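Just so you know, the protein sequences line up as chains G and Z, in that order.
Residue numbers for the first sequence follow the working numbering, so the first one is 1 and each next one is one higher.
Residue numbers for the second sequence follow the working numbering, so the first one is 1001 and each next one is one higher.
Don't read these hints as lab results, they were simulated from the structure.
The structure displayed is predicted, hence computed values, not measured ones.
Be aware that a few hints might be false.
The list that follows gives simulated cross-link-like pairs (lysine to aspartate or glutamate, DMTMM-like), each with its CA atoms no further than 25 angstroms apart [said to hold, decoys possible]:
1) Z:1243 with G:181
2) Z:1026 with G:97
3) Z:1299 with G:298
4) Z:1097 with G:116
5) G:260 with Z:1172
6) G:311 with Z:1309
7) G:176 with Z:1257
8) G:255 with G:187
9) G:142 with Z:1269
10) G:249 with Z:1282
11) G:195 with Z:1254
12) Z:1226 with G:96
13) G:176 with Z:1282
14) Z:1291 with G:308
15) G:249 with Z:1208
16) Z:1066 with G:31
17) Z:1303 with G:258
18) Z:1107 with G:97
19) G:277 with G:308
20) Z:1009 with G:56
21) G:127 with Z:1124
22) Z:1055 with G:47
23) Z:1121 with G:91
24) Z:1107 with Z:1212
25) Z:1109 with G:96
26) G:311 with Z:1240
Computed list of chain G residues with no C-beta within reach of chain Z, every gap over 10 angstroms [to be verified]:
27) 33
28) 74
29) 256
Cβ atoms here follow ideal geometry from the backbone N, Cα and C, with glycine treated the same way.
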Amino acid sequence: MKEFLKSNTITYNLMSFTGFKSLILFSLLLESPKTYEDICEYFRNHEYIKEEISMDTLRVYITSLKRIGCEITRTKSPRGGLYSIVSHPFEFRVSEEQIKALLKIYRIISANVNIEDLLKYDKFLKKLSDNINSANLSDAVKNISAFKNIDLYLLENLIKYSKEKRTLTLSYNSPKNGIKEIKVIPDKVEITQSKIYLYGISLDYNQETSYLVQRIEKIIDVDLENKNEVELNKTTVGYELMSLNPDVKLGNNDKIVEIKDDSVIVETQTTNLFMLKRRLLGYGPMCTVLYPEDFRNDIIKTLKNMREGYKDE
Amino acid sequence: MSNRKISEKYNDSCIKIFALISLFSKGTADFSEVIKLFADDDGTISQKSNVILNKYMNTLEIFGIKIRKTKNKYYLLSMPFTISLNEEELYAVSLIKSAISILPDGKNKTNAIKFLAELEKKYDNDTKNLSKVVNSTRNFDLSFYFQKFKSQIKDCESLCEAGKKIELCYNDTECGIQNIICIPQEVKYRENLVSFCVYNTLSRQVIDIPVDSIRYIHQLNIDAGKSKICTTVIFKLKGDLIKRYNLRDWERSEGIDENGWMTIVNSGEDLNTLTTRLFKYDENCVVVSPKYLKVRLQKMIDKTLKNYE
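Just need the whole structure built from these sequences, with the hints factored in.
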């Protein structure tokens, strides 16, 4: 202990100088691995310490830090032995129980927020697990992540261009035709049934469509002028929905046009009857397509074909 | 630690300053606990102990560790080994806070709050300042459920933690009142629905039951056990769907047969969700087994067809 520091800024005149130096050494090694020379230089230039330490003193400090639970290694380097702290007892740690809670929250967030917010939470957990060097948290996040096998840079660009409605030329690995170029005016990126889709208007087919993001290889071109104005052939479809349970989700273009005692009549406009057909089939017996006639007949035909698959039952 | 290392020379001041930090790193520390570190060799607390403690407190303060003392208790205000978060990351923290606000009391809520408290203590100054301006209001629209079913949700969460089997009675939209013996899995919070996910031990199905359809739950004095073998659902796909189909994590493909059908083996998906999904695949999908699911699909088709008569 020695009398120390009398300045305008620091009013304390008594402190543990050795304790202070060990704190400085500890935080110095936390920043990055250091040689004995690096440490001496830092101590020499420090505004309060202003003196080097001997190699013997450094060893004493290192031994002391090890005693308090630090794992310190010394590795060879061209500049001499490099001291580094591998772990220490003051690290931010996340317990197994806390990981469970964070995963529970992941599930809540993934079901309640848009993809951008989920991406922020996902990235936050990944950064945290990297920073605190937690393999358990890292593994848990990898397992639960909605963005497994997704190029995050590409995804972020797709989200950005969807907001700006920029016409994109994409390299797309089509399940049917393999890799091909597609032109699309993106509308939104969403998670549907655990998969991430880009929704938008296909300029190759002039209709609304969706692309699995995992199949998008890269963005080839972005039309910054955004000149594309597309004339879409929209079909108006009416359907009756028997009940509006909380888990029934209407489409973005759907409008309730009539409310009956135990059902509602919904009208929607679509450029992609295939996608709409799938959605309406998903409502099961709760849904009856009312018009147009040819779409209604198509649904009936499909249902009859489906029944054929179970003719033995 | 090896004997050789223990026998090496160390510095007592160094050990003491870190022992002090270790005490404070828990967030709060009693004076009686702290002063013991500076007791005389015989263990007595003397005036000298107080003087030494003051010196060490000064050292910590000069180093940048802020501690407040109120009524014989020390409170750690900031740690030197900090975490720096940017605006996006702080927004993620605000999402955690929002999720906590809808979690019922229980282990998850307690642990999430503890995590946040410990994390916030590690913020560096920039992060602290930024956290004051980042929008932290984010409400998940579950108010309907929480007004009406708050205690039910809390009960379900507790049952998930209890590790016991339960008898559950609920109203199924298709099959009416159901009474099952099952193992609680988790409470799922979706955009506009809270459901209780359970594993039916008899049918070996995972079922998501909306909390508002639960009539009663009785906890049984039978351990839930760890093994969970779910019913395997086998279905076939054909046509373009084969190329377009993306296998879920809980599925595997058994290849394509001579008639062009691809067989998929699915295990552990909630059957209601799966049924709705398979129904969307129209005639390009046929369930092979189990039989009750085939019958269910067939009934669904018949019922839907009736809408058009």
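Is the straight-line distance between the alpha-carbon of residue 1226 of chain Z and that of residue 96 of chain G 25 angstroms or less?
holds (18 angstroms)
With the threshold set at 25 angstroms, check whether the alpha-carbon distance from residue 127 of chain G to residue 1124 of chain Z stays at or below it.
holds (16 angstroms)
Are the Cα atoms of residue 1243 of chain Z and residue 181 of chain G separated by 25 angstroms or less?
Distance of about 18 angstroms is within 25 angstroms: holds.
Taking 25 angstroms as the top limit, are the C-alpha atoms of residue 1299 of chain Z and residue 298 of chain G close enough?
With Cα atoms ~20 angstroms apart, residue 1299 of chain Z and residue 298 of chain G stay inside 25 angstroms; holds.
Measure nothing beyond the straight line between the CA atoms of residue 311 of chain G and residue 1309 of chain Z; if it is 25 angstroms or shorter, mark the hint as holding.
Holds, at about 19 angstroms.
Hinted pair residue 311 of chain G and residue 1240 of chain Z, Cα distance within 25 angstroms
With a Cα-Cα distance of about 23 angstroms, the restraint between residue 311 of chain G and residue 1240 of chain Z holds, given a limit of 25 angstroms.
Mind checking the alpha carbons of residue 1121 of chain Z and residue 91 of chain G for me, to see if they're no more than 25 angstroms apart?
Distance ~12 angstroms between residue 1121 of chain Z and residue 91 of chain G Cα, so the pair holds.
Next pair to validate is residue 176 of chain G with residue 1257 of chain Z; report whether the Cα-Cα distance is within 25 angstroms.
Holds - the C-alpha atoms of residue 1257 of chain Z and residue 176 of chain G are around 19 angstroms apart, at most 25 angstroms.
Within 25 angstroms, alpha carbon to alpha carbon, are residue 1097 of chain Z and residue 116 of chain G?
Cα-Cα ~17 angstroms, so holds.
If you draw a straight line from the CA of residue 1109 of chain Z to the CA of residue 96 of chain G, is it 25 angstroms or shorter?
The hint holds at about 14 angstroms.
Checking one constraint from the list: CA of residue 249 of chain G to CA of residue 1208 of chain Z, max 25 angstroms. Satisfied?
holds (17 angstroms)
Assess, step by step, whether the Cα of residue 249 of chain G is no farther than 25 angstroms from the Cα of residue 1282 of chain Z, and give holds or violated.
holds (20 angstroms)
In this structure, every one of the numbered hints holds.
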